[in-house]
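Given these sequences and hints, build the entire structure.
So the sequence lines, in the order shown, correspond to chains A and B.
Numbered as in the numbering used here, the first sequence ends at 438 without a single skipped number.
Numbered as in the numbering used here, the second sequence ends at 210 without a single skipped number.
Mixed in with the good hints there might be a few duds.
[What the hints assert, rightly or not] Chain B regions said to be covered by chain A (calculated; three or more residues, Cβ under 8 Å):
| # | segment |
| --- | --- |
| 1 | 35 to 44 |
| 2 | 84 to 98 |
[Claimed, not checked] Calculated Cβ distances over 10 Å to all of chain A for the following chain B residues:
| # | residue |
| --- | --- |
| 3 | L(-10) |
| 4 | K(-8) |
| 5 | S4 |
| 6 | T17 |
| 7 | A68 |
| 8 | R71 |
| 9 | S110 |
| 10 | G160 |
| 11 | L191 |
| 12 | A194 |
[Said to hold, decoys possible] 27 Å max Cα-Cα, derived DSS-like pairs, lysine-lysine:
| # | chain 1 | residue 1 | chain 2 | residue 2 |
| --- | --- | --- | --- | --- |
| 13 | A | K147 | A | K195 |
| 14 | A | K53 | B | K1 |
| 15 | A | K359 | B | K61 |
| 16 | A | K53 | B | K113 |
| 17 | A | K270 | A | K280 |
| 18 | B | K106 | A | K53 |
| 19 | A | K359 | B | K106 |
| 20 | B | K74 | B | K106 |
| 21 | A | K156 | A | K122 |
| 22 | B | K(-8) | B | K61 |
| 23 | B | K204 | B | K12 |
| 24 | A | K132 | A | K281 |
| 25 | B | K20 | B | K(-8) |
| 26 | A | K359 | B | K74 |
| 27 | B | K61 | B | K1 |
| 28 | A | K108 | A | K122 |
| 29 | A | K219 | A | K178 |
| 30 | A | K147 | A | K178 |
I should point out that these hints are in silico values taken from the structure, not numbers from a laboratory.
All C-beta atoms in this analysis are idealised placements derived from N, C-alpha and C, irrespective of residue type, glycine included.
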Amino acid sequence: MNTTETFRLAFKAILANKTRSFLTMLGIMIGVLSVILLTSLVSGLKTSITSQIAGLGSNLIYVIPGKIGGGRGPGGTQVDKLTVRNSTALKLGLGNQASVCPAVQKVSNIYYFNKSSKEATVIGVEANYPDIIQSVKISQGRFFNNSESQAGQKVVVIGQTVLKNLFPDGSALNREIKVDNLKYKVIGVLEARGSIFGADQDNTVVIPLVSAQRQFGITNLTTIFIDAKTPENVDNIKKKVGEILAKSLSTDDFSVVDQAQTLSTINQITGVLTLGLGGIAAISLLVGGIGIMNIMLVSVTERTREIGLRKALGARPKDIRNQFLIEAITLSGLGGLMGIILGILSSWAINPIIQTTITWWAIVLSFAFSMFVGVIFGVAPALRASRLNPIESLRYE
Amino acid sequence: MPLVKLTQVNKIYKNSSGLEFQALKNINLTINKGEFLAITGPSGSGKSTLMNILGLLDSPSSGSYELDGSDVSKLGENDLATIRNRKIGFVFQSFNLLPRTSALDNVSLPLIYAGVTEKDRLSRAKQSLEIVGLADKLGSTPSQLSGGQQQRVAIARALVTNPELILADEPTGNLDTKNSEEIMKIFHSLHKNKKTIILITHELDVAKNAPRIIHVKDGTVLN
Ligand SMILES: Nc1ncnc2c1ncn2[C@@H]1O[C@H](COP(=O)(O)OP(=O)(O)O)[C@@H](O)[C@H]1O
Ligand SMILES: [Mg+2]
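Printed below as a string of structure tokens:
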């Protein structure tokens, strides 16, 4: 019996029990659907973070307090040792090779009369902040200048979400808003920056570093941003930054990170996420495979007489084996196809809310895996069918 | 010219507790091409056992079986399946048609395993159904046919591969007298067309349709 014939037989058998076949395929379908959906969510996350980071500029170097990746040795890691003194040392040490911008961050509520923007990120920086971070752009008004920054004036540049919450009509310039309980004058509005996996980056206000330190009573910095000006300079500047900071700080108290490192860390994290989530989804594929085996065993028993008859009429054991094996593979293959279609559709449907990126390898891999599951779980029932004794099978009631 | 030659064939069944039962004892039997033979005997005498061996569905415990000039008693499962497909047509007491499947598809079933193309399968199945007088029932499924018609479909299926030997085990066992006579008429016309037919039945009246009758009792051939 040739393959076309065997496939036709498989389709006939599947169609003869539509409901049962569909329910059996459902297991595989859900498995493939979840593999595709979960991996597309993770790669969507990766794509959006990567583009956000690239938006910051590839010449960017950060100094952050504490030691990345542990440093939990004697003395432990200190995460509050970075101060303006360090950023000043960097400015002096690097001169015009790089620009340096110390920054603090805090979460506060922003008010304008009875309107508010809750849990906004307050960023305290110096006047060169928009020059260093590429994705920070002004859409209305202006950023604060050096003298406003140094004097710690109460001026603020607001993000799009804050604008929308406080000034639905869009006119914010020269109004006085409150960051917690202190008044600031709006001098500019930022362009939208979007969100990373649901975290709104536009619910933010930017004020001079000195003002932020005064208002919140903090002396330590959250980050020091450094612009190396050209990509070739990044390594060199990183080295110098380390040397300068090591004069006044223990190497356990700060980390110097560039964009390439950040990206590779993100790759690592999303890689682990993909493996973890993909693995969980693969287990559901396995469960679907067990469902197929179950149904195929039932089918072999139900069709014992048919198997006996086919053998009497000249079917060889391998013809019977192929018939049931192909039936199992067709079931799991169809389930896989439906899973792929639903996976793609649901990734598209979710995309406006959370960015998803469908990966072709996930489709190919999950389909191949579902076929593989069909073979693995189809073999036992198919062998059982092929070994049935024709005389006894013909007598089977 | 002999088509079937059984020499000293024995069949011993062993049940699960190890008890042996000899269902056939030293059977010697020669059947020539074109013969119409009835094998008869009381229930439990070993007729079906004999037919299973003749039909290559089972192998003898000892003795030899020559079919169409070659020894088939030592062949493996695959070869046996191929010979069953090419040389033997079965008619069973309980028809054994595939349910929810048209007469045409039921009849063409053996041809699938013979590697015949779909077009040829259908035209040969149609011819076969014409021989048994069911040219107007090609698309009918077993549940739409009477018992007699179902058995005629089964005969058409046995004929479709143009086999050397037709084996019928109690083909009229589930039919009334009128339908039984119809079936016998078909066997007579097949005999006229030089087919070799072995008819197994416990009813002497049915057996009398065949020119040659063999009596089996307790696993041995009488006279
Ligand atoms: N698979 C088997 N195992 C054990 N005994 C069997 C088996 N098949 C048939 N027999 C026994 O062999 C004898 C002959 O059976 P069978 O050939 O079916 O008789 P008949 O067809 O003449 O009625 C019976 O006694 C039956 O019980
Ligand atoms: Mg019998």
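Comparing the hints with the structure gives:
no. : hint               : result
1   : 35 to 44           : holds (count 3)
2   : 84 to 98           : holds (count 4)
3   : L(-10)             : 18 Å, holds
4   : K(-8)              : 22 Å, holds
5   : S4                 : 18 Å, holds
6   : T17                : 24 Å, holds
7   : A68                : 4 Å, violated
8   : R71                : 5 Å, violated
9   : S110               : 17 Å, holds
10  : G160               : 14 Å, holds
11  : L191               : 25 Å, holds
12  : A194               : 23 Å, holds
13  : A/K147 with A/K195 : 16 Å, holds
14  : A/K53 with B/K1    : 39 Å, violated
15  : A/K359 with B/K61  : 20 Å, holds
16  : A/K53 with B/K113  : 21 Å, holds
17  : A/K270 with A/K280 : 15 Å, holds
18  : B/K106 with A/K53  : 19 Å, holds
19  : A/K359 with B/K106 : 24 Å, holds
20  : B/K74 with B/K106  : 22 Å, holds
21  : A/K156 with A/K122 : 37 Å, violated
22  : B/K(-8) with B/K61 : 15 Å, holds
23  : B/K204 with B/K12  : 10 Å, holds
24  : A/K132 with A/K281 : 11 Å, holds
25  : B/K20 with B/K(-8) : 11 Å, holds
26  : A/K359 with B/K74  : 20 Å, holds
27  : B/K61 with B/K1    : 20 Å, holds
28  : A/K108 with A/K122 : 11 Å, holds
29  : A/K219 with A/K178 : 23 Å, holds
30  : A/K147 with A/K178 : 21 Å, holds
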